Amino acid sequence: MDSGVFHRALLLVASGLCLSVGLLAGIPALVAFALAALLVVGIAWNTARRRLSGLRVSRRAAGSAFEDEEVRVEVALENRGRAPVSLVEVGDAFGAALADRKALLDPGPLPPGRRHRLAYRTVCSRLWGAYLVGPLTVSVSDPLGLFTPRRVLPDVRPFDLFPRVHPVGGLERLGSRSSFVAADPTLARAGQSALYFGVRDFRAGDEVRRVHWPATARSSAPMVKQFEQDLSPYFTLFLDLTRRHRAGTGQKSTLEYVVRTAASLLASAARRGDTVQLFGEGRRALLVPPGRGDLHLALALDQLIRVRQDGAHDVLDLALREQAAVPPGSTAALLSASLFLDDGRLSETLGSWQARRIRPVLVAVDQDSFLPIDVRSRPRGDVQARTEELRSLCHAHGALLAVLGAEHDLELELMRSDWLESA
Amino acid sequence: MSDLLLARRLALYLLSLLAVASADLAWRAPSALRVIGQAAVLSLSQALGTLLADALSGLGAASARRRARGVAFAVFPLPGLFALAVALAAPHIAGQAVRALTLLQLAALLLGEALGVEILVLWGALLLGVVAALAGGPPAVVGLAGFLAVSGAFFSLDHAARRLAAWPRIPAPPVRLVLRDASRLLAVPVVLLAVTVAVLPPPPPAVVAETRRPTLTRPEMQRVTVWLTLVALAGTGGAALVFRWLRGRGDEAPPLIDAMETHVEAEEVLEPESYEDARYGPSRGRVVRAYLRFLARAREAGFRLERHLTPGEIQDRVRRPADPLAVLTDLFLDARYGPDEPSAEAVHRAEAESRAVCAGLRILPRSARRTVETA
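Protein chains in written order, with the numbering used here: chain A, 13 to 435; chain B, 95 to 469.
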């Protein structure tokens with residue numbers, strides 16, 4: 013308990029005792045002492061409140077971080093009162109850290125009309141997810157420490173904690189060509205780039221500004237210019253959020269494996285310069301439109317940490333439905349929470365991608381290796397056989413396959429250079 | 095930090111010395127030698143108490159220490175109250191009560207730091223000061239005013255030391271700054287107390303002994319003494335119960351608080367709050383609040399303004415004072431529904447018109463409000 017409470021109680025008990033004894037025995041000195049003690053308590057109460065009312069606190073911190081990352085939080089403490097203050101305690105709740113509250117002490121003195129900038133660093137020790145930062149609290153005592161009023165400032169902000177990401181082994185070889193740059197910027201096909209490709213006959217609907225007048229004059233028929241098609245590395249990820257593929261708890265669960273793997277795939281692709289897009293279908297549709305750069309990656313991860321395995325539709329339905337969004341020549345990955353996908357539709361999906369020169373990748377999490385939740389685990393023999401079937405199916409369609417199980421250390425597995433070919 | 099702790103110990107010592115000496119001088123023949131002896135014994139006791147605290151710091155579980163503290167809280171206050179009651183009821187043996195209280199004070203000084211019950215030292219000093227005040231004269235002035243001043247200094251030093259205990263790397267403020275803050279707060283009450291006690295002195299000890307004795311030994315006063323003892327017993331029992339209750343509550347896991355290493359990175363001068371900043375929020379909010387003040391005032395003036403009414407309908411109902419109300423309504427509509435933040439001038443004007451409208455509305459007693467028809 014705060015020592016101020018005891019000290020305050022002592023003064024109040026002392027004044028009560030002295031007042032009663034002083035009145036009963038007719039001793040004015042004791043009555044005066046009682047009143048003086050009460051006056052001290054009153055002045056202290058008033059001073060503490062006045063000091064607190066002049067204080068303003070604000071916080072500045074990043075809105076997101078990766079697991080185990082250290083975050084710097086700046087706290088500005090302003091004294092808009094009329095007297096200097098010392099020993100001001102500022103509390104902050106940082107949800108992504110282990111401690112319930114972070115406490116800072118400004119030893120002071122903080123003169124009136126001044127601002128002190130304080131800062132603390134904390135490690136995001138909790139697991140990925142959406143957390144809150146705040147509320148802020150500020151407390152200051154009177155000079156005797158009898159009263160320590162506290163004010164809670166409703167400065168509560170969301171804080172996204174992203175899963176740790178690792179460079180995914182083997183991904184760098186997908187969707188790129190031998191070139192001086194990490195990716196070919198164009199494809200030698202007719203398209204909309206600025207690079208000239210050739211001329212062809214005018215067709216209905218062609219823009220007049222594309223008419224190549226010299227060629228038109230030479231051939232006596234309207235001719236238009238053709239340009240090469242833009243090609244930037246493109247990575248599309250389809251996420252399996254089917255409810256019946258749930259298994260395991262905590263860090264050993266299909267959701268954990270799916271989210272962490274997806275985060276690493278997206279981060280590796282985005283940091284390589286790919287345009288990345290993400291599709292998933294839980295109870296709430298997950299859609300991250302195509303984009304590039306760190307900000308886009310942050311958006312994708314922000315969506316990713318909010319997913320739940322509560323969908324009703326198969327990931328293959330989603331891939332077939334959204335196949336128009338996957339550009340030719342790109343890389344598309346199916347991240348399934350189960351090995352037991354429908355063979356017919358899987359073959360259809362991989363075949364259609366292959367036909368459009370899309371490089372298919374299948375990452376399958378072995379649901380049956382996790383603690384079962386609502387579906388009994390299949391015998392290991394069936395799982396082995398299914399893995400072989402998937403391998404031959406992927407081989408037939410030129411797809412890369414990786415199988416993840418509960419027995420694997422996910423981080424080590426993702427970083428293995430031959431991970432995508434290992435199955 | 096060590097300076098603070100040293101000053102804190104010194105304050106406890108001074109408090110004890112002041113209390114013991116004033117009570118002794120009040121009830122016994124003055125003797126410089128005795129006061130010096132008391133000072134020496136008290137300092138010895140405190141030094142031993144510090145050694146004891148160091149020795150015990152490595153021993154004993156927290157629960158054992160808490161139990162010992164509880165026992166100390168239950169045992170120590172009672173004899174002190176008894177001694178006070180004796181001094182009240184029989185002034186001729188008040189000197190012996192002072193001796194008993196001095197012994198208690200020595201024990202409190204010895205155990206205070208080791209068990210963390212320094213407040214018992216303050217309690218003992220308070221009782222000695224009260225006993226000194228019973229006799230009156232300069233010892234009463236010194237005893238009571240000194241208690242208030244030195245205990246206040248102790249409170250401030252103790253508070254600073256405890257706050258900084260969780261942040262050992264933060265440099266402690268200088269002792270003189272801590273004491274200066276405390277003295278600002280204590281100056282008025284202590285001076286008033288000293289002056290009051292000096293101006294209205296209680297009768298000297300001899301007079302108390304002669305004239306008060308019959309009063310204090312009368313049956314009603316004896317009953318008071320009995321009651322005082324009973325109250326003390328009840329209070330001690332209550333304190334023990336509260337202690338047990340608090341101990342039970344302690345079983346719940348306390349919140350995990352991380353005392354962060356803090357240092358002030360920069361000290362900046364605050365920009366004066368500009369009018370545009372609107373001290374209580376953006377200027378849009380100030381206009382809305384000005385309008386809400388008018389609404390509250392109109393309701394107090396007896397107008398029935400239902401929630402579904404539009405500002406125009408409200409204006410039609412209230413009507414007077416017409417001009418300022420029309421301006422206020424327009425400004426409110428702009429601020430509430432307009433695309434732009436109101437200008438400083440608009441905020442000024444809305445607040446001025448709101449004041450004008452409110453001044454024009456007469457507040458009715460609650461009973462009369464329902465009877466008022468719309469104007």
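Hints were generated in silico from the structure; no laboratory data involved.
Keep in mind that this is a model prediction, so the values were computed, not measured.
Be a bit skeptical, because a hint or two may be false.
Cβ pair distances, simulated, as ranges [unchecked claim]:
hint	chain 1	residue 1	chain 2	residue 2	range
1	A	PRO161	B	SER137	35 to 45 Å
2	A	GLY75	B	ALA360	16 to 26 Å
3	B	SER125	A	ASN58	20 to 30 Å
4	B	SER137	A	TRP57	32 to 42 Å
5	A	PRO123	B	GLY210	30 to 40 Å
6	B	LEU197	A	ASN58	32 to 42 Å
7	B	LEU197	A	LEU24	51 to 61 Å
8	A	GLY75	B	LEU271	51 to 61 Å
Calculated Cβ distances over 12 Å to all of chain A for the following chain B residues [stated by the list, open to error]:
hint	residue
9	LEU100
10	ALA179
11	ALA227
12	ALA260
13	ARG387
14	GLU394
15	GLU400
16	PRO415
17	ASP434
Here's a subset of chain A near chain B, in silico, CB distances under 8 Å, partners left out [claimed, not checked]:
hint	residue
18	ARG126
19	PHE209
20	GLY210
Glycine included, each C-beta is placed from N, C-alpha and C at the ideal position.
With d taken as the least Cβ-Cβ distance between GLU400(B) and chain A, does d exceed 12 Å? At about 31 Å from chain A, GLU400(B) clears the 12 Å cut-off, so the statement holds.
Cβ separation check - GLU394(B) to all of chain A, threshold 12 Å: For GLU394(B), whose nearest Cβ neighbour in chain A is about 28 Å away, the distance exceeds 12 Å, so it holds.
Check on LEU100(B) being off the interface with chain A, judged by Cβ distance over 12 Å: holds (18 Å)
Looking only at beta-carbon atoms, does the pair SER137(B), TRP57(A) fall within the given range of 32 to 42 Å? holds (35 Å)
Double-check ARG126(A) for me: the hint is only fine if its C-beta lies closer than 8 Å to a C-beta in chain B. holds (6 Å)
Check the following: the C-beta atoms of GLY75(A) and ALA360(B) are separated by a distance inside 16 to 26 Å. The hint (16 to 26 Å, Cβ to Cβ) holds, given that GLY75(A) and ALA360(B) are roughly 23 Å apart.
Verdict on PRO415(B) as a residue remote from chain A, using beta-carbon distances over 12 Å: holds (35 Å)
Honestly, do LEU197(B) and ASN58(A) meet the 32 to 42 Å range at C-beta? For ASN58(A) against LEU197(B), whose Cβ atoms are near 39 Å apart, the range 32 to 42 Å holds.
ALA227(B): least C-beta distance to chain A exceeds 12 Å? violated (5 Å)
Any CB of chain B closer than 8 Å to the CB of GLY210(A)? violated (52 Å)
Within 30 to 40 Å: is that where the Cβ-Cβ distance between PRO123(A) and GLY210(B) falls? holds (34 Å)
Interface hint status, PHE209(A) versus chain B (Cβ within 8 Å): Violated - the Cβ of PHE209(A) stays beyond 8 Å from chain B, reaching only about 49 Å at its closest.
Of the numbered hints given earlier, the model fails hints 3, 7, 8, 10, 11, 12, 19, 20; all others are met.
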